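A.B. asks: Sequence:
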Amino acid sequence: MRVARPLVLVAALLPALATAATGPADLVNPLIGTTNGGNVFPGAVVPFGMLQFSPEASPLPGKKAPIAAPGGYEYRATAIRGFSLTNVEGWGCAGGSGDVPIMPITEDVTASPSTDFRHTYAATFSHTNEVAKAGHYRVALDNGVGVDLAAALHSGAARFAFPAGKPANVLVRVSDSEAGSEHASVSVDKAHRRVTGEVTSGNFCGYINEADRRSYYTLYFVAEFDQPFASAGAWHDTTVTAGDTHAEGGTGYGPKGFPETGKGSGAWVGFAKGVGAVNVRVGISYVSAANAQANLDAETPRGTTFDTVRDRAVAAWNARLSHIDVEGGTPDHRTVFYTALYHALMHPNVFSDVNGEYRGFDGEVHRVAGEQKAQYANFSGWDVYRSQLPLVAWLEPKTASDIAQSLYNQAQQNHGVWDRWTHNNGGTHVMNGDPAAAALAGIVAFGARDFDMHGALASLVHAADHPTALDTSHDGCEVECVGQRPGLDTWLKLHYIPVGAPAWGPAADTLETVAAEFGISALAARLGDTATSARFLDRAQYWRNLFDPKATPEGGYIRNRNADGTWALVKDDDNEAPHAFTPATEDGFVEGSAAQYVWMVPFNVGGLFDAMGGRDKARQRLDAFFYQPDGSFAVTKSGPLHAELDNEPSIGTPWLYIFAGQPWKTQELVRRVLDTIWLNAPNGIPGNDDLGEMSSWYVFAALGIYPSIPGRAEMVVGSPIFTHAVVHRDGGDVTIDAPSAGPGKPYVTALKVDGKPTSRAWLPESFALKGGTLTFDLSNTPNKAWATKAADAPPSFDVRR
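Read in this note's numbering, the sequence shown has 378 at position 378, and its numbers run on one by one without any break.
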């Protein structure tokens with residue numbers, strides 16, 4: 001998504017995070033991406049964890065928004081209103097989750113926290129008193145309380161150190177989820193030092209359209225304290241009742257999709273003055289209160305110390321991050337790399353409980369079965385099909401197999417609909433296209449095959465061939481079209497999505513749909529269904545029906561087309577009259593322009609170049625796209641005629657020079673991006689991280705390889721920033737050696753694969769699956785003769801014409 005220009009924050013502003021590094025977890029800086037629209041959260045989480053224990057900041061000074069940022073935290077915020085139990089990394093809209101903020105305060109509870117959920121009882125803080133690490137988070141609030149958080153898979157631990165001589169109270173703001181709540185309840189059990197409750201929420205992007213202004217999940221929680229309660233109380237809306245031990249009521253979503261001020265409920269517990277440190281263990285479940293308790297008892301039972309939970313979390317991250325070892329590069333390179341890998345291994349997250357139960361899309365309780373070990377949730381399909389899920393599959397095929405089975409389970413529980421953006425056990429329909437097919441094809445391509453592939457393929461094919469009432473509905477459009485394949489009836493008839501069909505942007509939806517068709521083709525081919533593979537490969541070429549070779553004097557573009565076959569005029573502003581096509585138009589496109597989207601045919605780059613007039617013409621257009629007339633780079637914030645590498649539509653385009661026979665331009669462009677817009681600083685992620693998608697791009701790019709064809713496992717070759725890297729895989733390690741790697745040396749002068757020189761800047765699928773060794777010679781001068789022949793280009797997938 002587009003964001004404001006980066007706030008200039010240097011690494012020197014960050015708190016000291018560690019002494020000597022003892023594992024890759026110590027190199028992670030969770031504060032990277034907490035401003036500049038990155039929308040990451042800095043709190044405690046384990047890999048793919050259900051619980052994310054993280055600060056919920058008050059809105060930025062002078063802002064009236066209900067939250068500081070999606071994800072609950074913004075580096076520029078100055079106050080914290082609680083520490084919630086759930087979060088989603090790097091998403092957009094107005095956030096969501098952020099459930100059950102727990103807030104330690106040093107004052108009496110006299111006014112209802114619901115009077116102003118944004119600010120009431122919030123405490124200011126300074127970044128000099130804040131430490132964020134992989135698996136744990138610490139901050140000293142200006143109200144005098146020291147807060148430490150740590151996470152396990154379904155549970156977590158907090159330590160609140162209260163100052164002497166002041167009240168010591170803990171608010172449980174049960175209704176104050178980031179996007180509000182439909183219902184909430186909380187109960188205090190003094191005898192057992194326990195607080196329990198639940199909150200029903202959802203409403204992701206609900207402010208945009210009523211299609212998502214609804215609830216679709218309930219979170220249950222239990223919190224057990226190690227100190228007796230000296231007092232307790234509760235509130236409902238603006239009424240506070242000391243001594244009460246139960247309250248219920250949600251905030252609602254308001255007439256515009258935001259939680260209502262003055263609505264909500266919660267409870268507090270008080271401790272004796274001078275209590276010192278209060279420890280609390282929390283467990284959560286999306287199934288039941290009993291399961292929340294069982295999760296807590298199984299993972300963090302009574303007697304478990306905070307330090308034990310923290311140390312286990314660090315060990316879990318060290319194990320996962322050690323999938324990739326790197327040497328060389330600068331200290332900042334290593335920190336940014338391992339932080340990117342950390343962000344890429346958060347989602348989708350475990351959704352089933354320790355007993356295997358989970359709440360399905362049908363609202364019923366299900367249990368994982370067969371080879372599936374866990375059900376996963378939170379799938380931002382439009383984002384993660386490109387490189388995040390392939391990375392997970394490459395590193396952890398069993399996890400990725402369970403993710404694929406989870407997506408299939410969701411579809412089976414959802415009347416066969418594969419929703420493109422799922423949040424907990426609900427579909428939100430956000431974004432466009434049908435990304436599940438490409439996602440599953442990519443998962444399988446990178447070696448994750450321990451799920452019902454045949455059943456999933458049959459379901460995807462049926463959805464692609466049979467329009468439903470949702471597919472033909474305009475409900476939710478533009479941003480949240482309710483169908484899996486909006487406009488499918490017209491797609492099957494016209495072979496493109498026309499103006500007037502259900503869509504966010506007809507041209508963009510056409511390009512996303514051909515990506516889905518190619519995904520089905522690729523998946524079918526792996527399963528031996530050659531007829532289905534051929535049929536959908538033919539459908540994948542429908543992009544040609546929106547390519548107008550005469551769109552401009554400079555060349556052809558993908559553009560909107562009417563149902564009668566005529567080319568549509570464009571209208572970028574409601575106040576302007578429709579006018580002739582221009583490459584700068586965003587009419588028909590999603591978070592991008594015609595100039596940015598024309599390249600988005602990754603499975604048939606050769607066919608696209610032919611449509612443009614050949615490789616020479618494509619090179620000229622790539623140059624105009626990535627460089628200013630004076631030769632300077634145009635990789636971000638350069639306008640709609642140039643690349644925007646802070647968002648998904650452009651991230652595959654730098655690699656296209658490899659198809660065009662000029663790989664040195666890929667090498668210099670990608671290095672430029674790594675060096676200038678990915679930083680070891682709070683503004684160090686360029687825009688929404690989108691559940692780790694953008695971070696996964698960095699991981700691949702820093703290693704010097706990239707999966708440029710969603711649904712396939714061929715990888716194009718850039719240049720690594722590290723002198724040595726090893727990707728540890730069960731199927732065979734990948735070793736990447738570049739002894740001369742360093743600043744100012746992005747250019748590949750020669751490459752060996754398993755000791756043999758190659759003239760190609762791409763790797764076959766067998767390399768990703770079986771492993772091998774890449775040996776790079778790097779220089780400060782490009783080798784303009786290497787990997788330049790047409791025969792050296794990566795494969796393109798077309799049909800005979």
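It should be emphasised that the hints constitute simulated quantities derived from the structure, not laboratory data. Fair warning: this is a prediction, and the values are worked out from it, not measured in the lab. Glycine residues also receive a C-beta, built at the ideal position from the N, C-alpha and C atoms. Be aware that a few hints might be false.
Quick list of simulated restraints, FRET-style, between CB atoms [to be verified]:
hint	residue 1	residue 2	range
1	Thr305	Glu478	47 to 53 Å
2	Lys637	Lys756	38 to 44 Å
3	Arg449	Gly744	38 to 44 Å
4	Gly755	Gly363	55 to 61 Å
5	Thr552	Thr128	51 to 57 Å
A.B. asks: Please go over all the hints and tell whether each is borne out by the structure.
C.D. replies: Hint-by-hint comparison with the structure:
{"no.": "1", "hint": "Thr305 - Glu478: 47 to 53 Å", "in the structure": "holds, 51 Å"}
{"no.": "2", "hint": "Lys637 - Lys756: 38 to 44 Å", "in the structure": "holds, 42 Å"}
{"no.": "3", "hint": "Arg449 - Gly744: 38 to 44 Å", "in the structure": "holds, 42 Å"}
{"no.": "4", "hint": "Gly755 - Gly363: 55 to 61 Å", "in the structure": "holds, 57 Å"}
{"no.": "5", "hint": "Thr552 - Thr128: 51 to 57 Å", "in the structure": "holds, 54 Å"}
Checked against the numbered hints listed earlier, the structure breaks none of them; every hint is satisfied.
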